[in-house]
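Can you build the whole structure from these sequences, using the hints too?
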Amino acid sequence: MVDQRKPGKSIRDTYVFELEMSERGRRINNLAECLNLQENRDKFQVDSDTLMGQFQLTEAERKLINENDWLNLVKAGGNIYNVIRIAALFDVGLYPLGAQQLGISYEEFLKTRNEKGAT
Amino acid sequence: MVDQRKPGKSIRDTYVFELEMSERGRRINNLAECLNLQENRDKFQVDSDTLMGQFQLTEAERKLINENDWLNLVKAGGNIYNVIRIAALFDVGLYPLGAQQLGISYEEFLKTRNEKGAT
Amino acid sequence: MAKIVAGIGTSHVPSIGAVIDNGKQNTPEWKPLFDAYEPVKTWLSDDAKVDVVIVIYNDHACDFSFSKYPTFAVGTASEYEIADEGFGVRPLPSIKGDPALSAHICRHLVYEEEFDITICRDIKVEHGLLVPMDLCFPHQGDWSVKVIPVQVNVLQHPIPTALRCYKLGKALRRAVESYDQDVNVAVMGTGGMSHQLHGERFGHLNTEFDSWFLDNIETDPEAICDITHFDLMEQAGAEAVELIMWLTMRGALTPNAQRIHRNYYAPMTTGMGLITMQDPA
Amino acid sequence: MAKIVAGIGTSHVPSIGAVIDNGKQNTPEWKPLFDAYEPVKTWLSDDAKVDVVIVIYNDHACDFSFSKYPTFAVGTASEYEIADEGFGVRPLPSIKGDPALSAHICRHLVYEEEFDITICRDIKVEHGLLVPMDLCFPHQGDWSVKVIPVQVNVLQHPIPTALRCYKLGKALRRAVESYDQDVNVAVMGTGGMSHQLHGERFGHLNTEFDSWFLDNIETDPEAICDITHFDLMEQAGAEAVELIMWLTMRGALTPNAQRIHRNYYAPMTTGMGLITMQDPA
Ligand SMILES: [Fe+3]
Ligand SMILES: [Fe+3]
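Protein chains in written order, with the numbering used here: chain P, 1 to 119; chain G, 1 to 119; chain B, 1 to 281; chain E, 1 to 281.
By construction, these hints were calculated from the structure, which means they are not laboratory data. All C-beta atoms in this analysis are idealised placements derived from N, C-alpha and C, irrespective of residue type, glycine included. Do not rely on the hints blindly, as some may be mistaken.
To give an idea of the interface, some chain G residues facing chain B are shown, with a C-beta separation under 10 Å as derived from the structure [to be verified]:
#, residue
1, LYS75
2, LEU110
3, THR112
Derived DMTMM-like pairs: lysine to aspartate or glutamate, alpha-carbon spacing no greater than 20 Å straight-line [stated by the list, open to error]:
#, chain 1, residue 1, chain 2, residue 2
4, B, LYS124, P, GLU23
5, B, LYS96, P, GLU20
6, E, LYS41, E, ASP51
7, E, LYS167, B, GLU112
8, G, LYS6, B, ASP226
9, P, LYS6, B, GLU113
10, E, LYS167, P, GLU23
11, B, LYS24, G, GLU115
12, B, LYS41, B, ASP51
13, G, LYS9, B, ASP226
14, E, LYS170, B, ASP182
15, P, LYS6, B, GLU112
16, E, LYS170, B, GLU114
17, G, LYS6, B, ASP51
18, G, LYS111, B, GLU113
19, P, LYS9, E, ASP231
20, G, LYS43, B, ASP84
21, B, LYS170, E, GLU113
22, B, LYS124, G, GLU39
In structure tokens form, the structure reads like this:
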């Protein structure tokens with residue numbers, strides 16, 4: 001059996017969703033899961049604080065969401081697919097979300113792509 | 001590997017909870033699962049038909065429950081632990097439930113036990 | 001390094017929880033059962049000095065739904081809530097977990113052992129786990145040990161084979177022995193013994209089978225691994241198939257492990273068995 | 001008797017679903033992708049005559065919760081609802097299942113193969129399964145084939161090893177071949193290819209790796225089985241670890257299976273690969 005783990009080694013700029021990350025992000029991920037219902041997306045739009053309270057999000061976690069700080073939401077344990085789901089509530093799609101994580105503008109990001117029309 | 005299956009063979013008076021039983025009993029089992037919340041047990045006591053309706057129980061399934069026909073509820077795909085949970089709503093405990101499945105009175109059943117005080 | 005210091009096989013009959021909550025342990029009907037666990041409690045705390053218990057148990061359609069039903073599920077939480085099984089929540093302190101050891105076990109099972117576990121961030125624990133804890137470990141305010149819950153499908157067939165459960169025990173032993181903290185681990189296999197709760201065969205008991213099982217779990221567990229679910233259910237009752245979980249405990253010990261305690265009591269509808277074992281020093 | 005008539009490896013990029021729903025398949029940016037699937041569709045329906053597809057896919061934190069997260073999950077339903085992934089429900093007919101074949105596969109995997117699957121009475125299916133179905137099978141009113149969903153943990157580490165996924169394919173083949181109905185089965189491995197969606201490495205693409213992978217999935221899958229998750233993620237991006245699911249498809253075919261179609265397109269952030277294979281007649 002190949003050893004999957006490389007203790008002490010890490011991949012640059014990558015936050016592998018390990019069990020410890022999943023535990024740290026439990027509140028963020030629970031919130032995101034509920035967004036698979038339109039009813040809860042509507043609740044978020046009307047009163048996001050109440051919905052975030054239902055899932056016991058900390059002040060720091062709410063701030064990351066309210067400030068659309070996607071990169072730090074990932075670092076706080078938000079699974080990327082859940083962060084995408086939360087970003088959608090702010091009308092932020094995958095590519096703008098990616099550009100923000102890279103720290104560049106959406107336009108700059110598109111320039112790095114092979115077929116920028118395929119969004 | 002030992003073959004777990006004995007095609008064509010069955011154990012007398014036993015209804016093994018196979019995948020097909022689980023599928024057949026999905027409505028009964030879904031109802032029973034919700035009874036792990038006090039709130040839903042209260043709902044059942046106030047208006048059992050509405051709660052059973054929420055889980056799309058058929059007329060025949062509702063009849064089995066209303067008539068406390070535990071044996072046929074098992075045969076209809078109710079997992080035994082879920083049937084116990086439903087019977088509790090009618091103040092029917094495990095041993096009376098068992099006696100009824102055996103088709104004898106609770107007193108008769110107790111006579112067959114080693115320490116009938118250990119209920 | 002962590003090591004396995006004790007193996008326990010015990011029934012998890014739910015009425016035991018009610019007896020404890022109502023303080024009826026000393027009634028003539030229940031005293032024979034509870035008395036048997038007194039030396040076990042002392043042995044586990046004073047001799048084996050258990051820090052963590054891996055509890056092999058099954059949920060009874062309570063916190064695990066047939067909607068998505070795992071073969072083996074392992075908890076990774078720091079705390080496990082007491083479940084409401086449909087009759088209210090028992091007055092027990094919540095169960096403490098050991099997330100670091102849990103995570104190590106999950107990685108070991110998936111990466112090294114080819115066990116395809118379901119990894120559970122959240123489990124509400126019910127009588128399958130709580131009754132054995134009640135019987136074997138004290139709780140004054142809080143529990144004296146941490147727990148790793150390992151939940152097994154013994155309800156919805158296809159359930160794992162007896163042999164697979166035994167192999168899980170061997171894999172858990174290797175997981176524990178590769179953990180770099182000084183932790184004393186007990187492995188507890190729960191459930192059974194002979195009983196059937198459904199159908200016109202309700203109340204079926206087979207004390208002869210239970211006696212054979214208690215003999216063989218000690219001296220020849222591989223003989224039990226050869227039993228089919230069909231034969232186990234036919235002999236000991238459909239719900240007695242839970243006994244395959246004792247094999248996981250036995251697999252976690254060495255073949256020549258020694259028995260320390262043994263008890264058997266069958267007052268009503270379930271054979272209540274107890275065995276404790278330990279590897280030679 | 002049932003048999004495996006086709007293997008398909010394909011990416012399942014969610015934007016493809018939106019392109020289809022908006023009828024943009026013929027725009028210059030998307031035509032190269034969709035054109036590649038036209039001969040595949042014809043081949044699957046007219047040559048391979050597929051009745052049932054076993055789709056190896058992953059849910060993206062949609063219908064499966066990190067609360068209890070399975071390594072491998074198999075669906076047993078007669079119908080699978082289209083999930084709302086957080087953006088509304090796509091206008092697709094619900095997916096049809098094959099409960100009898102599903103039950104046979106579950107029994108075979110648990111009893112004969114020591115795969116500890118989570119058995120799912122209910123699954124809502126999302127883009128991981130739907131995009132490959134969209135691309136390979138027509139649906140006018142209803143789908144032309146039945147589906148057995150096999151959901152794999154590629155999100156929360158520890159995830160299964162590449163080798164374990166390959167072995168699952170071999171086990172699925174034996175399951176299919178021991179099924180006593182005349183059913184033509186395709187196995188589809190989905191996900192990848194190179195992509196990373198999170199962190200400051202967003203947008204990482206490695207077309208060289210993707211090309212190596214497409215070569216080897218065809219001719220030397222065991223070389224891929226030797227890759228660690230770490231190396232796969234480092235080379236192809238963290239989310240590219242989905243590619244281990246292609247190995248399940250490959251394991252379900254014989255070693256000397258022949259490639260029929262191959263395509264590759266990487267317009268934005270994900271390498272979109274396609275391969276189809278078939279055992280020699
Ligand atoms: Fe039990
Ligand atoms: Fe994906």
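Check your understanding: Of the numbered hints stated previously, which ones are contradicted by the structure, given in increasing order?
Key -> 10, 14, 17 and 18
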